[in-house]
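Undergrad: With chain A held as given, fit chain B onto it using these hints.
Those sequence lines, one after another, are chains A and B. According to this note's numbering, the residues represented by the first sequence are 1068 to 1515, in order. According to this note's numbering, the residues represented by the second sequence are 3 to 172, in order.
Keep in mind the hints are simulated off the structure, nothing from the lab. Note that this is a predicted model, so its numbers are computed, not measured. Accuracy of the hints is not assured; some may be wrong.
As the list claims (entries may be wrong) - Cross-link-like lysine-lysine pairs, in silico, DSSO-like; alpha carbons within 27 Å at most: (1) 51/B - 116/B; (2) 39/B - 1114/A; (3) 51/B - 1110/A.
Stated by the list, open to error - Partner residues are not named here, just some residues of chain B that face chain A (Cβ under 7 Å, in silico): (4) 16; (5) 21; (6) 32; (7) 67; (8) 74; (9) 94; (10) 155; (11) 161; (12) 164; (13) 165; (14) 166.
Every residue, glycine too, gets a C-beta built ideally from N, C-alpha and C.
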Amino acid sequence: MGQTTAQKIIARAAGRDAVEAGEYVTVSPDYTCCQELAWQTRKRMMKEIGTNRVARPDKVIMVVDHTTSAAMGSAYHLNHREMKEFAASNGVDNFFGAGSGLRHLVLTEKGFARPGLLVFSDEPNIASIGALGALNIAVSSEVVATQIADENWMLVPKSARISLQGRLGPGVMMRDVAQILIRDYATTDTLSQSCIEFVGPAIADLSLDERQSLLACAYHTGADTALMPVDEAALAYVQDRAQGRPYHLLESDPDAIFAHEASYDLAEVSPMVTVPPELFAAVKVEEVAGIPIHQAALGSCANNRIEDMRAAAAILRHYRVNRGVTMYITPGSREVYAQAAAEGLLNAFMEAGATVLAPGCTTCWGYEGVLSDGEVQISTHQMNYHGRNGSRSARSFLASPYVVAASAVTGKIADPRPLLPHVPEKWIPVFRTGHAPGEESDTAGSPA
Amino acid sequence: MTQIRGRVWKFGDNISADNGIIQYSQVPDLDTFDIPKLKAMCFAELQPKFRAEVRPGDVVVAGRNFGHHSHQHACVAMKECGVAACIVESTDSAFIRKALNIGLPIIVCPGVTKLVDQGTELAADLSTGEVRNVATGATLRARPFSERMIDIWRAGSFSRAMRQKLTSHG
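Just chain A, same shape as in the assembly:
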């Protein structure tokens, strides 16, 4: 029987020829990746297990990303220090301290996320590495157990195939597509315990940042994880950063079994806003436009890459942040931060009246940019439940970088499409492989 890409990746890590969907297997992941928040829990687990030695230091990646600096009154300074010491005493070279960026971006930028590799991490949204053909499996604090034993159990997920056609219209991003998928799937269990394989002609046309944006949200549809095909653009990125480390180009067999198949036309998508407190409550921006906001935030693993910065900058280069709005912008990594600086985006943010924070998760989980009673925020964050960003009576709307920037400058939830025609075309990103703003681009193409 044919195997899906996910099954082939898991079979490799299990030392098997093939695995079946629904089967429990023991695997040795290629990497484990973890952050700092649960360090004290992991320490307690190591004490209970009776060892604090990792089996394969070369497979361990530790990143301080939730707390970019240890603020006065927070206990996280201890986690920063103890994780650093733990890495040093175990010979773990791949420790990335505060301000390095999110695990999602560290994994791709430093060449850890490579095709055919299995990564156990402490977060389902790290499925973003599926843009480079690496499979993320979310575990818990027991990530430490995998580090000690170099193996763990896992369920082989079912596979679902979602085909993407067409091309995004002006002012629309893959974030909007993600919010539509979450709306369509999150209250069903169609994708439960599945790996989504995104396929279709639209993907080859999408930049790697836009691919990662969609994949980072895939878990909220109910799926365990997600993957995309490794095309020339993905492979070129990997080869640039792999430093000779191995990878495995795998693809689903023609007779592989997909438990669910669906198709979406990107050309039909328009800007969306997800209304708190539910993640599935996505509506067209027109339905909520005009709601006054107090805060706007760009960041989170869904939208903190360079193209997200470019999209927000396209609007913020031309308009100022509204007087009544506080705006925070968090680049996803040092590389994104430096690139944004090189392109003049950080200047544009400053001149527009936004605040740029150090690379990390920061505002997404309410470590910074805390909301008080009754305040309204629009952000590119991943969650919108009561109290996620401070007061339980505050409301957090979720949207794309374009919608967030348009709302920041108008002071109320706003459709970016009426603003964009006023922005010089050279500032508007095209979200396609190999194009940055200002470069000559073929914008006249039709959906493949």
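TA: Using the frame of chain A, we list chain B on its own:
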């Protein structure tokens, strides 16, 4: 012995872990487990009687997408309240791991919400996957736990199971 038998607390579809089983926004942080507070929060907004009337060994039965978007605190809250198992129409694999890590089995069993009602006596066997309404004898077959998972459940936590394994292998 891989059997669990208990009285059912029944919940609906799409019960979120962080904004349903508990209110994660009231948890101080990811690393802090305030047990009395977690117990007090457990299902408080969905079933006010739960906290006062739950007994050790009771079983939670829930619908689709149980515990999605989770932090481990929701699992700790249920375990500390005495919940012996959750038997659900569907959930995600990460939530199953988080729960099993602290010795709480979550069994995915499509059809279970039609098999039992609030207060029904339910029996489940982790090794066979059989889920049974004790009164009517009606049964469903869920995916059995692997031996590895049963070892973790028996030991009461992932850490303890791992310690036992490391010790027994010298």
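Undergrad: Each hint: holds or not?
TA: Here is what the structure says about each hint:
| no. | hint | result |
| --- | --- | --- |
| 1 | 51/B - 116/B | holds, 22 Å |
| 2 | 39/B - 1114/A | holds, 25 Å |
| 3 | 51/B - 1110/A | violated, 36 Å |
| 4 | 16 | holds, 6 Å |
| 5 | 21 | holds, 4 Å |
| 6 | 32 | holds, 4 Å |
| 7 | 67 | holds, 6 Å |
| 8 | 74 | holds, 6 Å |
| 9 | 94 | holds, 6 Å |
| 10 | 155 | violated, 12 Å |
| 11 | 161 | holds, 4 Å |
| 12 | 164 | holds, 5 Å |
| 13 | 165 | holds, 5 Å |
| 14 | 166 | violated, 10 Å |
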